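So the sequence lines, in the order shown, correspond to chains L and C. Under UniProt numbering, think of the first position of the first sequence as 1, with each following residue one higher. Under UniProt numbering, think of the first position of the second sequence as 1, with each following residue one higher.
Treat each hint with caution, since some may be false.
With beta-carbon atoms standing in for the labels, derived distance ranges [what the hints assert, rightly or not]: (1) A117/L <-> D255/C: 51 to 59 Å; (2) D383/C <-> N47/L: 23 to 31 Å; (3) P112/L <-> E188/C: 22 to 30 Å; (4) E34/L <-> D264/C: 53 to 61 Å.
Which residues of chain C face chain L? A few of them, derived with a C-beta cut under 8 Å, are [as the list claims (entries may be wrong)]: (5) P42; (6) Y46; (7) G50; (8) D53; (9) Y292; (10) T370; (11) P391; (12) L393; (13) L405.
Below, in silico cross-link-like pairs of lysine-lysine (DSSO-like), each with a Cα-Cα straight-line distance of 30 Å or less [unchecked claim]: (14) K311/C <-> K8/L; (15) K126/L <-> K311/C; (16) K376/C <-> K83/L; (17) K35/C <-> K83/L; (18) K73/C <-> K83/L; (19) K83/L <-> K311/C; (20) K165/C <-> K192/C; (21) K192/C <-> K346/C.
Source of the hints: derived by calculation from the structure; they are not laboratory data. Bear in mind that the values here come from a model prediction, so they are computed numbers and not experimental data. Ideal Cβ placement from N, Cα and C applies to all residues, glycine included.
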Amino acid sequence: MVVNCQLKRVYVNEKWCLGCHLCEYYCAFASTGEKDMARALKDIRINPRIRVEERNGISFAVSCRHCTEPLCVKGCITGALSKSGGIITVDRNRCIGCYTCILSCPYGAVSPSEDGAIQKCELCIKTHEGTPRCVSGCPNGAIVFEERGE
Amino acid sequence: MKYVIIGNSTAAVGAVEAIRRNDRNGRIVIIGNEKYHVYSRPLISYLLLGKTDEERMKYRGDDFYSTHQCELKLGRTAQKIDVEQKCVILDNGETESYDRLLLATGSSPVVPPIPGLDKMEKKFTFTTLDDARALEEALFEGARVLILGAGLIGLKCAEGISKKKVEIICVDLSPKVLSSILDDQSSEMVRKHLEDHHIRFYLGRQVTGFEGYTAVLNDGTQIPFDVLVLAVGVRPNISLLRDAGGRTNRGILIDDHCRTSIPDIYAAGDCCESLDVSSGETKIMALLPNAYMQGECAGMNMSGVDYVFDKAIPMNAIGLFGKHIITAGTYKGDTYFESDGEHFKKLFYSDNKLNGFILIGNIEKAGIYTALIREKTPLDTIDFELICQTPGLMAFSRETRAEKLGGVVNVSVSSPIGISCAE
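Produce the complete structure using the sequences and hints provided.
Now the structure itself:
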């Protein structure tokens, strides 16, 4: 039933992560719909869907894995989360912010947004030349977008 | 193959979606006693609060039944299962034969036998859309609403009606609020928060009788009220299976394939008892995520795919007046605790495993803890001290992280610049 299934995913290799947090800025920028990043993010405290974890010189970015068995989708009490074409998206209009998905996600990749509904990576590939912003914006190739075997 | 599903809520949807993954042609018949398109039951409090509406409450889109080729018999109640003939007898006398049957019958609110209750008109339970509509209808400005039960249903109801200019009084036999999911300390914190939002509690007490619209408590306190909400708990709907000779306890007994003791009859959701892997006990876990996953498991097995669901744990995410609470697992063992009055975190662990947790306020990345419980991750394989403070993948070994985040990146497609760090 699934058409055009997205098999590419965002993969992270901490070996190459510089801990620069640029992916977070590109992610926040992607959701603004603006053209100029500096202008779009000026004076804004960003709340990105990809988050860098860092400690003792180790850093890596974490975003939604678009799991094959997505616990967030299965557990969503409203049906706002769904998976189609390999991408897990949230219908913000239906999300009531109960955070059952935050309770469920084993990666910690779902977070509250400013307005109470949840937010997560929805692979911004439709708007940005087929590559998520965090990937194209990573200066060291630590985040890639590719198809791998399960 | 003909599948019959009794019930039209979460577990039923899980089953339908699983069946259609494996079998596009079999007939699916859904029998539901409510006349509505499948909706999310927990949203009824948000409906009263005005945070959702009946359209957005739909658990699946309008085309769900047609896309999944389901035949609906709504507004009908199944009265009996004929195991010999493999059919279900409905309240209008119709019979529906099955090859595989799923009981997704849910649970019903308990109505306690309190003297004086039967004479009362303005009394409501709070689990269905009709309940919510009826309650809303009965409310008026200044109404004194007495809620029996300070559990999840009672408190969500309280929040739901809180903007309707009513006075809310809550009585519970337990000395604490949310006693099924909070420990004493966290419960105290939540109670204060609720009191700040003008809910008045009479805890550790019970109503011994009603004299008209006055509740009399066991300590003699008299509480006059206008509208009563009964939220003392729910009871699994097991009679269909029990009467058919299937094994039941308080709930329907199922195995890890969601099979009942009767061949070709499966059960899922709130009507069941299931194994809580965090405690090893079999119990009723009437929770929406488990209902979906059990329904899915049943649907897979019903349509011929061997599928196991053995990861059920108690878990709850609930928001009350802006404060978020996330809990999971069993509260036993040693504890890690931090609280600043606004936020609260308690982790329970023993035998090298995380057993449970309570988070209030800051609930960020709670799922990292849930996964530790669900997967029984040996705590000596992670940086437990770190994960207690900050849930994250950082606490796992580099190898585990590499696995979780995608394995080793192939050198040819990795760094164009080639700065390697954190080695």
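Hints, one by one, checked against the model:
no.	hint	result
1	A117/L <-> D255/C: 51 to 59 Å	violated (38 Å)
2	D383/C <-> N47/L: 23 to 31 Å	holds (27 Å)
3	P112/L <-> E188/C: 22 to 30 Å	holds (25 Å)
4	E34/L <-> D264/C: 53 to 61 Å	holds (58 Å)
5	P42	holds (5 Å)
6	Y46	holds (5 Å)
7	G50	violated (11 Å)
8	D53	violated (10 Å)
9	Y292	holds (5 Å)
10	T370	holds (6 Å)
11	P391	holds (6 Å)
12	L393	holds (6 Å)
13	L405	holds (4 Å)
14	K311/C <-> K8/L	holds (28 Å)
15	K126/L <-> K311/C	violated (36 Å)
16	K376/C <-> K83/L	holds (27 Å)
17	K35/C <-> K83/L	holds (28 Å)
18	K73/C <-> K83/L	holds (28 Å)
19	K83/L <-> K311/C	holds (21 Å)
20	K165/C <-> K192/C	holds (20 Å)
21	K192/C <-> K346/C	holds (18 Å)
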